[in-house]
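K.L.:
The primary structure of each chain is shown beneath.
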Amino acid sequence: MSNSQKLIEIKDLHVSVAETEILKGINLSIGFGEVHAIMGPNGSGKSTLANVIAGRPGYSVISGDIVYKGSSILEVLPEIRARAGIFLAFQYPVELPGVRTWQFLKSAIDAIRNENGQEELKIRDFDKLLEEKRKLMEMDPDLVRRSVNEGYSGGEKKRNEILQLALLDPTLALLDETDSGLDIDALRIVSHGVNIFKSPEKSVLIVTHYQRILDYITPDYVHVLVDGKIVRSGGSSLAMELEEKGYDWVKDVVGEEVNP
Amino acid sequence: MQKASSLLNKYEEDFDNLSSINPGWSSDLRNKAMDTFREIGFPVRRKGNEKWKYTNARPIADVEYSSGKFEKMDSNDIKLIAPWHESWINLLFVNGHYQETFSGSLSTNIQISNMASNDLAENLTSNVGGIMDYSDDGFAALNTAFMSDGPIITVPEGENSGIVINLIFFNQGLSDTVNYPRVLITTGGNSIVSVIENYVGGSGDQTFTNSVSEIYVGEDATVNHYRLMNETDDTYDVGYGRVRIDTNGAFNSRSFFRGCGIGRYDLNVSIEGENASCDLQGLYFTNGAQHMDNFINIDHVRPNCQSNLFYKGILAGRSRAVFGGTVLVRKEAQKTNSVQSDKNLILSPHAEVDSKPALFIYADDVKCAHGATAGNIDADTVFYMRSRGIDLEAASRLIIYGFAGEIIDKVEIPELRSYLGESFLSSLPSHRFEF
Ligand SMILES: Nc1ncnc2c1ncn2[C@@H]1O[C@H](COP(=O)(O)OP(=O)(O)OP(=O)(O)O)[C@@H](O)[C@H]1O
Ligand SMILES: [Mg+2]
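For the record, the sequence lines run as chains D and S.
Residue numbering for the first sequence follows the numbering used here, starting at 7 and increasing by one per position.
Residue numbering for the second sequence follows the numbering used here, starting at 1388 and increasing by one per position.
It should be emphasised that the hints constitute simulated quantities derived from the structure, not laboratory data.
All of these numbers come straight from a predicted model, not from anything done at the bench.
One side only, chain D facing chain S, incomplete, derived with CB under 10 Å: (1) Leu83; (2) Phe110; (3) Asn120.
The following residues of chain S were derived to be distant from chain D, with all beta-carbon distances above 12 Å: (4) Tyr1398; (5) Asn1418; (6) Lys1434; (7) Glu1451; (8) Ile1465; (9) Ser1474; (10) Ser1490; (11) Glu1509; (12) Asp1523; (13) Ser1590; (14) Thr1609; (15) Thr1619; (16) Glu1661; (17) Asp1666.
We treat Cβ as the ideally placed atom computed from N, Cα and C, and that holds for glycine.
Can you build the whole structure from these sequences, using the hints too?
P.N.:
In structure tokens, the structure reads:
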């Protein structure tokens, strides 16, 4: 496959945090329009991978590369990655006391538009867009006026992440356990948001522990990350197999690495 | 010593000059205060001086000032540097002297007189000096000795038209000058009034503003008090707020400080009637080599009262801030409900805050809590914003504005709130942050 067909290619990526190697040679390519799921035990490095792609400071890439839309992004600032279409839905969304959701999202959308040579969104157009996305995510109208994530319940925070995904409309969505802690209704709403986002030009990487979100958002590929390595990749049936048999089962078959 | 005595001589000389022109009604008060100042001088002692523990008054004391002379200002220039609105009563004082009142056509029952006047009724002047106890405080004694111009605001019983009185004390920034603003506000039963005090400085070397405001909150009365210190790097500003609250009265204070050379606001609220309350909130931001000291005392004398003390600070550069907040709950003050907190956002590794909230409780049935925090901009917070495309500088600004907004958003006068959000806050120096 040629580069031009892949949205992102992660090549033999080794990453350490505070002198400890966490990712130990990750190879993963995501094509346009594809949905990939990453599963794996606690502490195996799933969030590390998502955060490194988004450019979070504090991780050192020891070797390997991340190529996004044909160029390496290792040296690119996180805000520039975001403006280029990389979006991370946080496992633990951050509360921003005093920062109004409206102001925050308007700043974000304008920053992205500026980078892409578009003018700032008119307030009326932005309000319309925000209201549309708020309804899509079935958020309380009041939440949008409040400080970002402040005093939100866990589930509301996750829904707010997908509201931001819908609003900012990136190219690559990294969803780090967005399904954790959601009740059945919220899971449906969140999945609906992601499915609306999905298109032949856009790709999704879902980090999850559970099969249930994959019932709504069908992955093209499922990867199992254990101890900083992808030990197994397969189709959507792999997730079901994992749910049935647990991670010990894949740990036993380490060595039979399959990459799409 | 040579220097010290020549400095004192200058004060003596100025005092004599002032006495010859000042109105008779204040001469006793001023003479006594001058005696006290002669005796105790400035609070420059560094050892055992609890009130001035973190602020060295020596640089202020060591300057030979001449009294600020009145020089007429174009009020249009003032309108650019201080908040004002035509629906407010705006009083302009320049270098300590009254210049003019500008407002739209307003009619009000509130009486505003000038202390400089010789023919003031006894009931107006008798309260001047009634709350400010200067016996152990050289700066307050000095202000009292030198007070000459300033508003006496008398709010009659039942007055509740929602009027805003805006006092602008503008210091032109003539080098080595001192001015002594003095304010008295008395409110009758069941009245409501909002007063804004602005202390605005033009730039100049070592100008010194030494102010005292006395405020009586009557029975069932509400005073909404705003204080803006908008001085420059070279100014010294030592101000006093002295407040007494009667039964069912409420004193709401919102104070905003941009740092200056040395800034200090000593606010003392005495809750002397039952079911009364005070809500004191403040925001200070300091930069460069600025120093800002908030010294606050709340005295719960009577039962069933509430006090809330909530300050926030933003510190950059090599600046220092001091927050001393002490709540005293006397033995009789049962069922007191008191909360105090001071939160600081430290933007530079070289900036420092000394935050000392304290509670002294002598009653046994009270609800009190206090706390202080100081932290940097949180790296996770910044990354969250950057991951949405917002760059470091914009993210930091949103965080700082959000931090400050918690105080500013509660300002109930819309024009003042937007002034604070736009002019006052945007004057925050842009800052490079490292993560
Ligand atoms: N900042 C850090 N400092 C030290 N160790 C870290 C840091 N961040 C992550 N780690 C370690 O790296 C390993 C991988 O963490 P990561 O958060 O990527 O796991 P995960 O697969 O997302 O786990 P979970 O399923 O619990 O979310 C863990 O052992 C974790 O303790
Ligand atoms: Mg994780």
